[in-house]
Each structure stands twice: as C-alpha cells, then as structure tokens.
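Single-letter residue listing:
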Amino acid sequence: MARRQRYLNTLAGLCGLALVGCANDEDTLQSQKLALIKGRGELICGVQGTLPGFSSVERDGTYVGFDVDICRAVAAAMLGDPDKVQYRDLNPSERFAALASGEVDLLSRNTTYTLSRDAAGGNGLSFAPVVFFDGQGLMVPRASGISNIKGLSGKPICVETGTTSELNLADRMRALQAPYTPLKFQTSDQTYAAYLQGRCAAVTTDRSQLAAKRTGLPNPDDHVLLPDVISKEPLAPATVNADPLWSDAVRWTIYALMQAEELGITQANVEAKVAEARANPNLADLRRFLGVEGDFGKQLGLSPDFVVKALRAVGNYGEIFERNVGSGSLLRLERGLNRSWKAGGLIYAPPFR
Amino acid sequence: MHTPWWRNRRLLPLLVQATVGLVVLVTIAYLLGNLVRNLSAAGLLLSWRWLNLPAGFDISESLLPFNAELPYWRALLAGLVNTVRVVLIALVGATLLGTAVGTAAFSSNGLLRRLSRTYVELIRNVPLLLQLLFWYFVVFLSLPDGSAAIQLPWVVLAKSGLHLGSPQLVNGVWQGSLRITLEFAALLTGLIIHSGAFIAEVVRGGVAAVPPGQWEAARSLGLHAGQTLSRIVLPQALRVIVPALNSQYISLAKNSSLAVACGYSDLYSVAETTLNQTGRSVEVVLILLGTYLAMDLVISGLMNRLNRLVQIQER
Amino acid sequence: MNRARALTNRLRRELFATPLDGLITVVLLIGLVSGLKALLHWSLTQADWAVIQANSTLLAVGRYPLNQQWRLWLLTALLSGAAGISWGLLRGAGWPRSDRLAAAVLLVLGLVLPAGLGLAAPLQQRWWWLTALLLVGRWAAGRWGCELPPRWRRLLPLTWPVLYLSGLGLIGGGLGLMTVRPSQWGGLLLTLTEASFAIVVCCPLGIALALGRCSELPLLRWCSTLYIEFIRGAPLITLLFLGQNILGFLLPGGLAPDRVWRAAWILTFFAAAYVAEAVRAGLAALPRGQWEAARSLGLNMVQTLQHVVLPQALRAALPAIVGQFITLLQDTTLLSLIGLLDLLGVARAVMANPEFLGRNAEVYLVLAILFWCCCAALGVGSRSLERHLNRQVLRSQP
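Chains as they are written, first to last, in my numbering: chain F, 87 to 439; chain L, 48 to 362; chain X, 3 to 400.
FYI, nobody ran anything at the bench for these hints, they're computed from the structure. Don't be surprised by glycine CBs; every beta carbon is placed ideally from N, CA and C. Fair warning: there could be bad hints in the mix.
Label-pair restraints from in silico Cβ distances [unchecked claim]:
{"no.": "1", "chain 1": "F", "residue 1": "Glu128", "chain 2": "X", "residue 2": "Ala123", "range": "35 to 41 Å"}
{"no.": "2", "chain 1": "F", "residue 1": "Thr301", "chain 2": "X", "residue 2": "His390", "range": "55 to 61 Å"}
{"no.": "3", "chain 1": "F", "residue 1": "Gln263", "chain 2": "L", "residue 2": "Ile136", "range": "29 to 35 Å"}
{"no.": "4", "chain 1": "X", "residue 1": "Pro321", "chain 2": "L", "residue 2": "His271", "range": "34 to 40 Å"}
{"no.": "5", "chain 1": "X", "residue 1": "Arg183", "chain 2": "L", "residue 2": "Leu135", "range": "25 to 31 Å"}
{"no.": "6", "chain 1": "F", "residue 1": "Pro436", "chain 2": "X", "residue 2": "Asn69", "range": "21 to 27 Å"}
{"no.": "7", "chain 1": "F", "residue 1": "Gly147", "chain 2": "X", "residue 2": "Trp131", "range": "23 to 29 Å"}
All chains should be built: construct the whole structure from the sequences, respecting the hints.
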C-alpha cells in the first residue's frame, strides 16, 4: 500500500506539470463549419427536448417546436432539406461545452443572450438574433396563497442549475434582502418533480417555459405564475465565436424569417411570390430577398434561394410562433414583445441589402 | 554464436520500451496540441483568473458562510466542505453498520444470519444511483409537513427537513433545533446503506479468516460471545479488514459525487454549476480530478498508518 | 413424526438457543412481517402499474424506430437460440437438477411475466416463442450435439463473437439496413449495449495493463501504474463528464465519436483499470516457479503467457473480474446523469410525463428488480463457471 501511495504522489505531481505545460501556443484554427456540415449532409442541433412548444418529441420520435423549427429553417437554407437535422437533447449544464467542442453546430435551446456568454473572455459564443423576448417568472401552488416574490422570503425555491435563472434569482433575492434556499437540479424533470412533491415553495425559470410546463401538469389551475418578472430573458440561438461565416449564415437565415413576416410572405404563398418576383423586374427588394437577383446567398456561403428554401420548410417567423407557442398551440402565449416592430413589438430585421 | 537482434536479451527490452514511450509521448503530444489549438480557437485558453470573480449564484446549504458575491473559489471550497462533511459522517456510519451486519453473519441466531446475507445481496446488486433516487424522491420527499410530520423522540421528520432535538411547531413551521436538509439526509442514508453492505462483506471475510481455534480457545477460557468477538476475534480480523477497507472508503468518497442526483450541493454539483456559468470546462475538470485524487491520497495515507498499527508487531 | 421433531429441534437451535436469541428472533420477525405486509399492501392496492405497462416499449428500447424493431426481436431470437444450443452442448443429453430448475424458472418467466405485465397479445406470443426456442435449442443440442463431428463443436465458442458483432450491426444498421443512430437507442437496449461493449473491450485492455504493471521494463510499469492509479483516483462521473465535455477538444473537430460511443469508451477505460488490478492480484498469486518452469522448457515470452501464466492467473482472478463486470453494469446508470437515455434515463423521462407524475416508487422498484436479476445472474454464472474450472483442474491433476 505504501507503494501505491508513492505512485499516487507522483501522479499528483505530474498533473501539476501538465497544467503548466499546456498554457501557451497562439495558433488559431480556421474551422470551416459550413464545409463540415455540407460534407456531413446534416446539421447537428442542440435542443432542450422536453419542453412542449419549444422542443419536444412526438410519439413517433420526430421533434417539434419553436426551437426545432429554427433548426429546420437553417437546415433547409443550408442543405435544402429541413429534415436533414440531427437533434441532441442538452442539459443547461452541458449545452455550452457541447457547442464549444463542436458536438453540436447550432444551439437552439431557449438560451438567454448575455454579455458573459457572448464575450470571448466568457463562454465565447456568437448569438444569432433574439427569437423570443422573455422574462423570468416564478410559479407557486395556488393553495400556498403566495401572491408575490416577497412572500417567498425564507422559503426554498427550485431552480435548474447552470441557467441564468439561478443567477437572476440570487440577484433579485439579494436586492430584496430576502433569505432563501436555492434547490438546484440538473434537469427540468427533477426540478419540477421536487416542486410538485412540495419540496420547494416555488419554481423559477423563463415565463414561457413555466407556461409550457404548467399546461402539462395534471391540474394546471392549481398553479399560478406570480406577477413579478425578475429579469429580461432574450432567448437566442447560438453558434461558436470562432467561425464568423457560419454565424452569419445562421443570423441571416433567422432575419429572413422575420423579414418574410414583414413582407407578408408565408409558407403558403412563397411560390406565388417567387413567380411574381421573377415576372416583375421592378420589385427589386423582393427579387433580392428571394434570390431572384443579386448574390446575397453567395456572400453568406449559401445558395441564392436560401430564403425560399427556409420559408418553404417552416414559414415565416409569425407562422412559427403561432404554430408552436401561440394561438395554434396548447400554450396560447400572447405575442407581446414578440410582435413585428410594425405592430409595436421588438422583432426587427436589418435591411437585406 | 551469433544471435539475431530480435533474440537479443539486452536490446529487446530497450527497443520495446522505446517504442511504447514514443507511442505514449506522441499520443499525448497530439492530444495536447489539439486541446490547445481547439481551446484557443474557442477563446478559452487555460487561465485561472476567473476563480477570483464573484460567483453570482447561491448554494443551498453550506457549512462555510457563502453568498453570491463571493468568488468562484469560495463556492468550490464550500462544495468541497460539503463533500467532506457527508463523506466523514458516511464513513463512520457505514463502518458501524458494516461491522454490525458483518458480525451478525456469525450470530448463533439463524434468522439474523440470513437477514445479514439478504441485506448484503440485496444492496450490492442494485445500482447506488437508483438507491439514492429512491431515498430522495420516494422516501424523503413524501414525508408529511407541518403538524402531520412524523414525531419520534429526539427527531421530527418533516418535508422541511429532519429536525433534531426538541423542535417547536410555530405557524406550521418547525423551529428551534438542529435541522438536517432532506437532500443531505437522502445522500447520507443512501451512502451509508450502500457502503455498509460492502463493508459488511469485508468484515465477514476478515472474521472468517480468523482460525476457528481462536473461538474455541476463547470459549474454553470462559469468555462469552460478545467478549470473544470484541477482545479476541475482531483485533485479529482487523489485519485482513483494514487493507480491504481502504478501497471501500475511497469508493465511498468517490460515490459521494452522485449527490448531484438528489440536489445536494457537493463539490461536483458546484463545479458543474461553475462550469456552466464560466464555460471553463478544462479547468473545472482538472480541479475536480485533482481534488478527488487528493482525497484518495489522504484516505490511503491515513489507512496506511492504521494498517501499520494493527499489523502484528513482531518482537 | 421424527422429521417434525427434527424440524422443531432445528428451529429451536437456530432461533431460540438463548433468551437473547429468542428476543432477537421475535423482534426481527415482527419487523419482517409488518414490513412485508406493508409492501404487499402497497403493491396490490396503492401502486399503479399502468406506468410500466404503458411505457414498456420505451423502457425496453427507448426511441428506437417502431418499424425497425423487428431487428431487435430477430436479435433476441438469435441470442436465445444460441444460448439454448450452447447450454445443451455444454451439459449433454442429461437434465441434472440445476438444469431442470433453471428451465422451470425460464418457463415461468417466459409464460407469466409478459402476461403479468399486461403486454399486447402478439408481444406475449413472441415471448413464448423465444422461451420455446431457448428450451428446444437446449433439448435438441443436448440430444444430438454429441453426435456432431468434433470439428463442428470446436466452432461453438466462435459463434458468440460473431453473434455479438452481427448483433451490433443489427442494432445500428448499415449494409442495406436502415441506419438507426446511437442517439435513438435507449432504455434497456442502450444499457446492455454499453455494458456488454465495455465488458468485452475492457478485458484485453485490463490484461495488457496488468502485464504492463507487473513487467520488468520500468517504462511499461510506470505508464501502466500511472494510468491505473489515475483512473482509480477519479469518480466515474467526472470521467464521463470529461468524455462529454473535453474529448471534443482533444480530437480534431468532427473526429470525436458520438456521445453514446464516447460514454461506452469511457466506461471501458474506467473498467479496464479495475480489471487490471484484479488480474494483477491473480498474477501475484501465481508461484514464481511457474514462470521459471516455462522458461526452462524453452517457451518464449508469448508462449509462457498464453499457455502457462494467463490461464492460471485469470482463473484465480475470475471472481474479482466478474465482480467488476457487475459494478460496470450498475455504473451504466450514471449515463443518465450526462443526459443519455439509458434505462434509468428513460425511466426519469417517463416519470416527468405529467400522466405518470408521482409514480416514482413503481418505476424504481421495477428497475431495481431488473438490475438485481441481471447482477445476480452474473454472480451465479461466475460461481458456476468457477466450480466448473476448478473441477477441470482437479481432473487434470494426477
């Protein structure tokens, strides 16, 4: 046994050496993500996987939801086929590592856009446009009689680990000078299980997620969302910082979905619009947008008609919203901030020019 | 006589070693090279400065005072202290339980003997993670709350935790005593019962290794069963038991990392949160591996000392 | 009459030898009876087993595509056929008591369990066919197996690796079959695939490491020792975490294997260190004279290992190695912590389904029974193999 001790000591020493050894070398990698994905013929998309409305699995094994439609749009724009996507269910705690190590190409997993996640000195992600403006809320059992966040003082609150929710909760409770116990779990399944078994007085995450989960509970009316919105949660898809070409392709595919709503182009009328643009050389804006003229697609490393392909696959932003989380779904969320800027919302695409 | 080089007894070992060394070195260099290249591409080159930044998250329970303003290293330290706390208590508990169950296998009572075997066989063949989830989600989370709580002498079992001492019910909340959280209680119970079964096997093996003549000699000296066990048999069995206990203790310490399944903030759980909030996967994994290795070292070291104490002192 | 008295005598000796023993017995009996009664009461009246019935497919194979599941049935049929034939060839035409007992247990399991779980009628029938196939294979091989030419019988051990590889092919697809990605494997299928892969691959690795650690060449010894102690000092979960989060950084982009395979390799490397320690103990138990005798017979290093050292060392290490396999099988549950849908992962997803909220106890109980049976079967198998090998040794000695 004494021998083993000696080996272990050496091992510990060597570990220390290894730490010193790998701390330099400034060589950068030109990762050609686009080429890689095209070569593979498949987009690997990280999603949540168990959140009705955003990403969930049907009984036949297909993925559906808002986040999933973003993946499908990107796959359609890049590869011409929205079904050429491989989905990976990711925990909050593994999502950034999965993206950074190249295990997924695109993270479309209701991820909050923050400075430290975007910055090269932080998580080093590159965020696509915000696709869902949300805020963090709290859900409590109706029977508890708690009516606002101050009522949670001194009580345990369930939260998923590795989320902005746990940071916002800490900030807000500190500002209120209210003591509380955060009970942290790795997955939303465990978090809600502990909440439903009465271990915590409240569960907190983005309000849209709470609404989605609430519809799935046995008696949705037994639970209420508190009126407090404790943070801004702009949810956006993300890619790695290292490959601007790939990030741009994702960014502009998503802008195209927003622009299409503004221009009134839908899944149903996209072919008619293309025909119209072809027939009428005066509609320069529409022609450029749909790739009839100009080389926008090529500048992004995509095909000229990438917008048409995406729209054909999933429709415009408004359609995606209504179908998955809006009036056409079980969640029935209001569009609120997620209306187009023309209707007083925040959804705004820069010019396609 | 001329021997071909592949039969050369002096050259061959050198060649084999050189090849193996080269392969190992090249592999390590290749992997490290990739690591550095990929990390710098992702803008995540190794750095430890982030350890001093404020963590921003809270920890559910901590022996060290901790709040969200304190730096990450304090969070990790709080996690480590939580791990050490659960490991120490579980070590004592599992040793007591294991010794009791292990010696019960030699009881004159047939029922007790069989129960001891059943317990060991039952626990050893079911995964620990499953047992932990069972204790937490099935047993402890279904405790009643408020006035319906289970009141035993010196302890009240409620959903808000295990209240030791003599707590009072104030406005439906138990107050005024030492409180153990359900997460800690579930982890502790799971670890003690799981490791207890393995330690019981070790103890049983150790006692069985004591020659039967020792029992008979003790009996003929007029010692009763309890005295025989504690004065004659166990001290001799310790020489077999202690080396085997070492690996059981180490696996208990490592198994405590499954705390993450039942919501207890141990080192692994805090490290996972830290990784998420900072994106520093390589550094965090290195800290984790290093700390567990150090714990392994400490336990091995202490057990080595103990082992030297219990071995036969030859004169 | 006499027997009854013998029985009471024995009971008295076992349970009521002294007043203290009597007290212990009474207390234990009261505890046992009330515990069993509560368990029975719960399982018959309060438990709701619909959660298992409705999700049996999910628990068994996860999200494996429905229209491809015939491949898994085919694989199960092949396995049970091969198991029956191997059993028959090993035991010959006779049916000793242990065989009759095993056959009875299988029959009861095959007939009662599917019906008890409330599976659909066609599925029940498939299980009956599988059981029948196994038992008929045992009977036929036992009856006519010894008449086969010995050359054919020597091929028998070869069927298992072939079957294993073709099984992986059947599960994963390729060669004209539709590809089913590892991310779609799940439940018991994933658990068994990962565990069996790790068990198969960690053995040669572990033996190599053990030989390295006992080698006279310092560099080999150092490398092996370093590896073994490093792995043994780390909790499996941190290694799995490393595999999921850092392996991507260690390999050039896109080269890292799929998550499922990554976890399988980590399990393999982890188990290899422990198997190496078991084998090393076996090697240490071998008298030094065996090496010297082999050398003086003029055997070279490889021959010595192959014919003299390893057979004996492995026989001595067998119980420890199988113990390691049992641990490995149990360790696959940790995959659920890194987001893979193994048996426990699927079970946790099932329990998150609002329809089955709060049905934790039922699911965990079924999982525990499943694991217990698999692990206990491995243990029983290893003990009987050990006895078999020991008998062979005794017989071969003059």
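Now the hints, each set against the structure:
For F:Glu128 and X:Ala123, the Cβ-Cβ distance of about 39 Å falls inside the hinted range of 35 to 41 Å, so the restraint holds. Hint check: F:Thr301 to X:His390, Cβ distance near 59 Å, so the stated range 55 to 61 Å holds. At about 33 Å, the beta-carbon gap between F:Gln263 and L:Ile136 stays in the expected band of 29 to 35 Å. Between X:Pro321 and L:His271 the beta carbon distance is about 35 Å. The supplied range of 34 to 40 Å therefore holds.
Taking 25 to 31 Å as the suggested C-beta distance range, the pair X:Arg183 and L:Leu135 does not conform, at roughly 45 Å. Checked against the hint of 21 to 27 Å, the C-beta distance between F:Pro436 and X:Asn69 comes to roughly 45 Å, which is inconsistent with it. The given range of 23 to 29 Å is respected by F:Gly147 and X:Trp131, whose C-beta atoms sit roughly 27 Å from each other.
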